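Please construct the entire structure, taking both the sequences and the accompanying hints into account.
Heads up, the sequence shown is in my numbering, so the first residue is -2 and it goes up one at a time.
One thing to keep in mind: the hints can contain errors.
The calculated label-pair distances, taken between Cβ atoms and stated as ranges, are [what the hints assert, rightly or not]: (1) 228 <-> 139: 52 to 60 angstroms; (2) 58 <-> 314: 43 to 51 angstroms; (3) 317 <-> 20: 38 to 46 angstroms; (4) 69 <-> 11: 42 to 50 angstroms; (5) 34 <-> 87: 31 to 39 angstroms; (6) 139 <-> 317: 49 to 57 angstroms; (7) 242 <-> 188: 25 to 33 angstroms; (8) 203 <-> 16: 25 to 33 angstroms; (9) 86 <-> 24: 23 to 31 angstroms; (10) 280 <-> 20: 58 to 66 angstroms; (11) 246 <-> 203: 14 to 22 angstroms; (12) 280 <-> 153: 20 to 28 angstroms; (13) 318 <-> 127: 36 to 44 angstroms; (14) 127 <-> 69: 39 to 47 angstroms.
Calculated directly from the structure, the hints in this document are not laboratory data. Note that this is a predicted model, so its numbers are computed, not measured. We put the beta carbon where it would ideally sit given N, CA and C, even for glycine.
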Amino acid sequence: MKIFSRSNIFILVHFFCWLILTLGVLYSHPADWGDNVPREFYIRQNVLLIILIIVFYLNYNLLIPYLLIKKTVVWYILVVLAIVAGCAYLTNIINEVFDLNRMPFPHPHGGPNRHHINTFVPGMIVLIIGLGITVSFIQKWQQEVILRQQLEQEKITTELTLLKAQINPHFFFNTLNTIYSYTLSDGDVARTAITNLSKMMRYVLYDAAGKQTPLSKEIAFIKEYVELMKLRISKKTSLLLQVQEQPKEMLVAPMIFLPFIENAFKHGVSGVNEGHITIQIIQDDNSVELLVNNTVYETRSAGEDKSNGIGITNTTRRLELLYPGKYKLQTGLNSKNEYEAKLKLLI
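Written as structure tokens, this is what we have:
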């Protein structure tokens, strides 16, 4: 149970506001009375306080939500005027009962002010109604802000789920294509590839199901993927994977690096020409950076290029949602006509 929940804070704020108002009402007698304040004055002030409380919560819980907020402003004004007039009339009756109208109150110029009480009560009623309107509209505004935030969060969560749902089949489709090619030529290699794929599937289905995963598991997944991709590259393609043997424990979004590594194997491998793929993962205290560099071969079909673009596009959108203002992404060809991808996450 939260001690400082929204409802508890709401109750405490109301309690202390009424406590302050109570002290103000009870001790608002003329200074020249000193300690000789008649008992009737305190009775009358307590009755006034009860009236103020009733008016406040009547206005706050009924009049504002059912009249003012529902755009029946004219009716609201008429009811408020009736309440002010009724409270002023009721106060006069109370003053007559306790004989307070005949008690002299100090006047700024020294003379008696017999209308002090009569003008004080309507002013307090108007003040209380104004406070009720202010508090009600502030709460309504806060509720709308919270609702918008919840809807935005739900939208983001739904979008991320859809993006991950698109990335995972895309990843398995590419991997299964690689394994299929070996089932026709080398059964032993295909069996090894299936074993590696089963480990990767376990990560995707369980570890990558949440919003974040330990970097060490993400790196282990990348290593498995690279081992699997080694099966499809020839000796003409040099491959370098550099990661820390014992990475610092930090949490990252699952499979956030994979599309850039996938892209390197799709466009950086040729069975005829020499090429290279370099993958580096660098850490410091509050960031992790992926560097991918590969030779580019323009030998892909339009369908393959479109399929590959899904992963990069979805990952870019995931970065915008998960790391707003906390990531740097650079992709493109360098001066050597090699493709480079640099992704830095601030953790």
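**OP:** Determine whether the Cβ-Cβ distance between residue 127 and residue 69 falls within the hinted range of 39 to 47 angstroms.
**Re:** violated, 19 angstroms
Subject >> Range hint 25 to 33 angstroms (beta carbons of residue 203 and residue 16) holds or violated >> reply: Check failed, 55 angstroms falls outside 25 to 33 angstroms.
**OP:** With 43 to 51 angstroms as the target window, see if residue 58 and residue 314 comply at their CB atoms.
**Re:** Between residue 58 and residue 314, where Cβ atoms are some 45 angstroms apart, the hint holds.
**OP:** Take the C-beta atom of residue 246 and the C-beta atom of residue 203, compute their distance, and say whether it sits inside 14 to 22 angstroms.
**Re:** Given range 14 to 22 angstroms: holds, Cβ gap about 19 angstroms.
Original post:
Okay, residue 69 versus residue 11 on CB: inside 42 to 50 angstroms?
Top reply: violated, 26 angstroms
**OP:** Take the C-beta atom of residue 280 and the C-beta atom of residue 20, compute their distance, and say whether it sits inside 58 to 66 angstroms.
**Re:** At roughly 60 angstroms between Cβ atoms, residue 20 and residue 280 fall inside 58 to 66 angstroms, so the hint holds.
Original post:
So does residue 317 sit 38 to 46 angstroms from residue 20, Cβ to Cβ?
Top reply: Roughly 53 angstroms apart at Cβ, these two residues miss the hinted range, so it is violated.
**OP:** Please test the hint of 20 to 28 angstroms on the beta carbon pair from residue 280 and residue 153.
**Re:** holds, 27 angstroms
Original post:
Does the hinted range 25 to 33 angstroms hold for residue 242 and residue 188 at CB?
Top reply: At 28 angstroms between Cβs, range holds.
Original post:
Taking the beta carbons of residue 34 and residue 87, is their distance inside 31 to 39 angstroms?
Top reply: violated, 22 angstroms
Original post:
That 52 to 60 angstroms hint for residue 228 and residue 139 (C-beta), does it hold up?
Top reply: holds, 58 angstroms
Original post:
Would you say the C-beta atoms of residue 139 and residue 317 sit inside 49 to 57 angstroms of each other?
Top reply: Distance hint for residue 139, residue 317 is violated at roughly 27 angstroms.
The structure does not agree with the numbered hints 3, 4, 5, 6, 8 and 14 stated previously, though it agrees with the rest.
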